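S.K.: Heads up: the sequence lines are chains Y and U, in that order. Per the UniProt record's numbering, the first sequence starts with residue 1, numbered consecutively. Per the UniProt record's numbering, the second sequence starts with residue 1, numbered consecutively.
These aren't lab readings, by the way, just hints derived from the structure by calculation. Bear in mind the structure is a predicted one, so any value in this text is a computation, not a measurement. Take the hints with a grain of salt, since some may be wrong.
[To be verified] Per the computed footprint, the stretches of chain Y lying under chain U, defined by three or more beta-carbons under 8 Å from a beta-carbon of chain U, are: (1) 38-47; (2) 72-81.
[Claimed, not checked] No more than 30 Å apart at the CA atoms, straight line, and that leaves these computed lysine-lysine pairs for DSBU-like: (3) U/Lys382 <-> U/Lys413; (4) Y/Lys186 <-> U/Lys406; (5) Y/Lys29 <-> U/Lys9; (6) U/Lys235 <-> Y/Lys29; (7) Y/Lys61 <-> U/Lys413; (8) U/Lys416 <-> U/Lys460; (9) U/Lys35 <-> U/Lys413; (10) Y/Lys186 <-> U/Lys105; (11) U/Lys413 <-> Y/Lys186; (12) U/Lys9 <-> U/Lys460; (13) U/Lys460 <-> Y/Lys29; (14) U/Lys235 <-> Y/Lys186; (15) U/Lys413 <-> Y/Lys29; (16) U/Lys416 <-> U/Lys9; (17) U/Lys160 <-> Y/Lys186; (18) U/Lys235 <-> Y/Lys61; (19) U/Lys9 <-> U/Lys105; (20) Y/Lys152 <-> U/Lys382; (21) Y/Lys186 <-> Y/Lys160; (22) Y/Lys29 <-> Y/Lys152; (23) U/Lys105 <-> Y/Lys61; (24) Y/Lys168 <-> U/Lys35; (25) U/Lys416 <-> U/Lys406; (26) U/Lys9 <-> U/Lys160; (27) Y/Lys61 <-> U/Lys416; (28) Y/Lys152 <-> U/Lys35.
Ideal placement from N, C-alpha and C gives every residue a C-beta, glycine not left out.
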Amino acid sequence: MAPSKPRVALFVTCLVDLFRPTVGFAAVKLLEDAGCIVEVPPTQTCCGQPAYNSGDRADTKAIARAVIDAFEDYDYVVAPSGSCAGMIHEHYARLFEDEPAMFQRAQHLGNRTHELVSFLVDVRGMTAVHAHYDGVATYHDSCSGLRELGVKQQPRALLKSVEGLSLKELPGAEICCGFGGTFCIKYPDISNRMVGDKTADVVATGADTLLAGDMGCLMNMAGKLSRDGQPIAVRHVAEVLADMAHDAPPIASNQPASGHQDRH
Amino acid sequence: MQPTSHAFKANVREALVDTTLQRALDNMRTGFPAKRLLAISRLPEFDALRDQGRAIKNHTLENLDFYLETFERNVSRAGGHVHWARTPEEARQIVLDICRSVDAKTVTKGKSMISEEIELNEFLEHQGLVPVETDLGEYIIQLRHEAPSHIIAPAIHLVKEQVEEAFRASHTDLPPDRPLSEPRELTDEARAVLRRRFHEADVGITGANFLIAETGSTVIVTNEGNGDLTQTLPKVHLVLASLEKVVPTLEDATTILRLLARSATGQEFSSYTTFSTGPRRPGDLDGPEQFHVVLLDNGRSGMLGTEFQDMLRCIRCSACINHCPVYSSVGGHAYGWVYPGPMGSVLTPSLIGVEEAGNLPNASTFCGKCESVCPMRIPLPKMMRHWREREFERNLSPAPFRWGLKLWAYFAKRPKLYRLGANLAARTLGRMGRDSGRFSRLPLAGGWTGGRDLPAPQGKSFMEQWQARTEQARRREAA
Chain Y
1 MAPSKPRVAL FVTCLVDLFR PTVGFAAVKL LEDAGCIVEV PPTQTCCGQP AYNSGDRADT
61 KAIARAVIDA FEDYDYVVAP SGSCAGMIHE HYARLFEDEP AMFQRAQHLG NRTHELVSFL
121 VDVRGMTAVH AHYDGVATYH DSCSGLRELG VKQQPRALLK SVEGLSLKEL PGAEICCGFG
181 GTFCIKYPDI SNRMVGDKTA DVVATGADTL LAGDMGCLMN MAGKLSRDGQ PIAVRHVAEV
241 LADMAHDAPP IASNQPASGH QDRH
Chain U
1 MQPTSHAFKA NVREALVDTT LQRALDNMRT GFPAKRLLAI SRLPEFDALR DQGRAIKNHT
61 LENLDFYLET FERNVSRAGG HVHWARTPEE ARQIVLDICR SVDAKTVTKG KSMISEEIEL
121 NEFLEHQGLV PVETDLGEYI IQLRHEAPSH IIAPAIHLVK EQVEEAFRAS HTDLPPDRPL
181 SEPRELTDEA RAVLRRRFHE ADVGITGANF LIAETGSTVI VTNEGNGDLT QTLPKVHLVL
241 ASLEKVVPTL EDATTILRLL ARSATGQEFS SYTTFSTGPR RPGDLDGPEQ FHVVLLDNGR
301 SGMLGTEFQD MLRCIRCSAC INHCPVYSSV GGHAYGWVYP GPMGSVLTPS LIGVEEAGNL
361 PNASTFCGKC ESVCPMRIPL PKMMRHWRER EFERNLSPAP FRWGLKLWAY FAKRPKLYRL
421 GANLAARTLG RMGRDSGRFS RLPLAGGWTG GRDLPAPQGK SFMEQWQART EQARRREAA
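Go ahead and model the full structure; you've got the sequences and the hints to work with.
M.R.: This is the structure:
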């Protein structure tokens, strides 16, 4: 580990901010456990993906500029989302291909932007966490993190160290859940069909917990499982890794947190 | 075929409730991806070959005029003819003139997506000719008066009971009590019926997977042998191909061939890979007396030099289609034109206009699977995004969606306002959803809650809580 603590800016992501703040606090804890100084730039809103994927280039660039302004002075930028981290890492520079100065800034920021769990493992060298979760979990690989940032083994490696948790692989773990940002609003019928296929696979594993690293996918899958009356706890992987699964009920549920064993 | 891409949403609704179609798609979902994975696992240099394939095609596209002219020269040298067609109309007329010149009645056809693109069968029938599809899948959908739903497996949307039905309805001279419930029986019957057609045909039309500039050869890749019978038995072999199919050398073609079948069906090589160079030569035992190549542009040259040029690398392997979760949910007909799935979502707007086909590049989650399996490394999501940009610039996207997006962007660009709004929304929705942790119905979110619940926010936003926490810490420090 580096001799001085790196200053890490947390990119909270709009869905975590709005729907699931516990994921943000779990991320802060994990980053601090990994020896980082965590700051949360207060002017952040969203990474701009809704505009980008809708073809609204002008607004995307305006939002990207604001993110670059707010985040570029930190050693690292970390987001508890492969999708938002991928947006900054992969796509910001593309937006400014015709503006050399901005291109350079975008690339500089992109190179130091990471998805949370891959940052912990690949950059900070974390190999285990101190956490406890009683349950059988299965893991969905969110598309952007998987294909844009290579997030695949890192969460599995850390989950292995969680006491009481056993991981059961999800067949078709790499198939999209049908969320797709604006896709789920523009084409709800297809989206609903895709998430139905996904949750059927989840139910078939027999796991009692479904984990993933992106709030969009998690809300989609949790919403479907909830509608179908499937009693499967859906959580962001950071909550389990940070040992904070007992702090809040699973997504789309007001049931008490599962997988928690009081150790006091 | 008449495009129905503008009706994509209606097509989708129909497809999703079509239980027979869904049964057929279920069969496909698991097959192709597993076979591809196995086939490429046996070829360690697969990724290096992809880079080579991309480089070959990029080089060709940068010098397309040169290689097309070289191809034409070498076709002539081998005794064949090249005909240039800018539009479907021109292509159809050229085909008709060639058929008329030999007084053709029956025309056999190997599988050709270009012939679907120019609606050749309908046209030939109208002119009094009898076109007969000889690829089993194409034959079945011809009997059913349908378009293909997939570029390499045209009848993948059907189950075998529907094939039996089509055969019994068309092959009325055969005994009605013959058994036709097994795939083998269906294949045997199609073979017997088609064999007669092969001998009757005066002209044989095939597509081409590659055109080889240095030799003037055309290449077809099939698994049924029907392509070979189509092109060797009749007096005339007519090849229908689009411009971008050309590659410089035999070596280049064989390099890309190593990618094709592995990506498509998971075979190391297809059962038949046939190279045709000119008509029958003196002393040849068989082969056609005439060899014609019709080269169709139909909008492709307009893609050169634009952000859509990379699409012209496509070798029609269908890997993107086979792995696309949207395609496997709705099938190919929903896309409303010849080319379905991710490759179609980029190509179709290029060929028939984004006004007609604007839905297609939008109907993607950008999951990226298509690009990750594309042997030619075509950045499909990136190009779909380009279409969305063009649509947005021209105000073609649906108005409510645009307003919603604009409103959201207005806030996203103003952090202070955004904060106020987000904090308020989180608190309000959090309170409303506190009892169950979710919403089963919510105004303006009907698209979402139609099929699933919407998780409720936990309450105060992260930023609000974080701010309170840091202020508290600051106060403690000051005290």
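S.K.: Would you mind confirming whether the straight-line C-alpha gap from U/Lys9 to U/Lys105 stays at or under 30 Å?
M.R.: 41 Å, violated
S.K.: Does U/Lys35 pair with U/Lys413 here, judged by a C-alpha cut-off of 30 Å?
M.R.: 47 Å, violated
S.K.: Does the alpha-carbon distance linking U/Lys105 and Y/Lys61 stay inside the 30 Å limit?
M.R.: Violated: U/Lys105 and Y/Lys61 sit about 60 Å apart, past 30 Å.
S.K.: Are there three or more residues in the region 38-47 of chain Y whose C-beta lies closer than 8 Å to some C-beta of chain U?
M.R.: holds (count 6)
S.K.: Holds or violated: are the alpha carbons of Y/Lys61 and U/Lys413 at most 30 Å from each other?
M.R.: Given pair Y/Lys61, U/Lys413 holds - Cα atoms ~10 Å apart, limit 30 Å.
S.K.: Please verify whether U/Lys416 and U/Lys406 have alpha carbons no more than 30 Å apart.
M.R.: 17 Å, holds
S.K.: For Y/Lys168 and U/Lys35, compute the direct alpha-carbon distance and say whether it is at most 30 Å.
M.R.: Judged against 30 Å, a Cα distance of about 24 Å means the pair holds.
S.K.: Is the straight-line distance between the alpha-carbon of U/Lys160 and that of Y/Lys186 30 Å or less?
M.R.: 34 Å, violated
S.K.: For the pair supplied as a hint, U/Lys382 and U/Lys413, is the alpha-carbon distance within the 30 Å limit?
M.R.: Between U/Lys382 and U/Lys413 the Cα gap is close to 24 Å, so the pair holds against 30 Å.
S.K.: For a C-alpha distance cap of 30 Å, please report whether U/Lys235 and Y/Lys186 respect it.
M.R.: 52 Å, violated
S.K.: Given the hint that U/Lys416 pairs with U/Lys460, does the C-alpha gap stay at or below 30 Å?
M.R.: Measuring from Cα to Cα gives roughly 16 Å; hence the hint holds.
S.K.: For the pair supplied as a hint, Y/Lys152 and U/Lys382, confirm whether the alpha-carbon distance does not exceed 30 Å.
M.R.: 23 Å, holds
Of the numbered hints listed earlier, those contradicted by the structure are 2, 5, 6, 9, 10, 12, 14, 16, 17, 18, 19, 21, 23.
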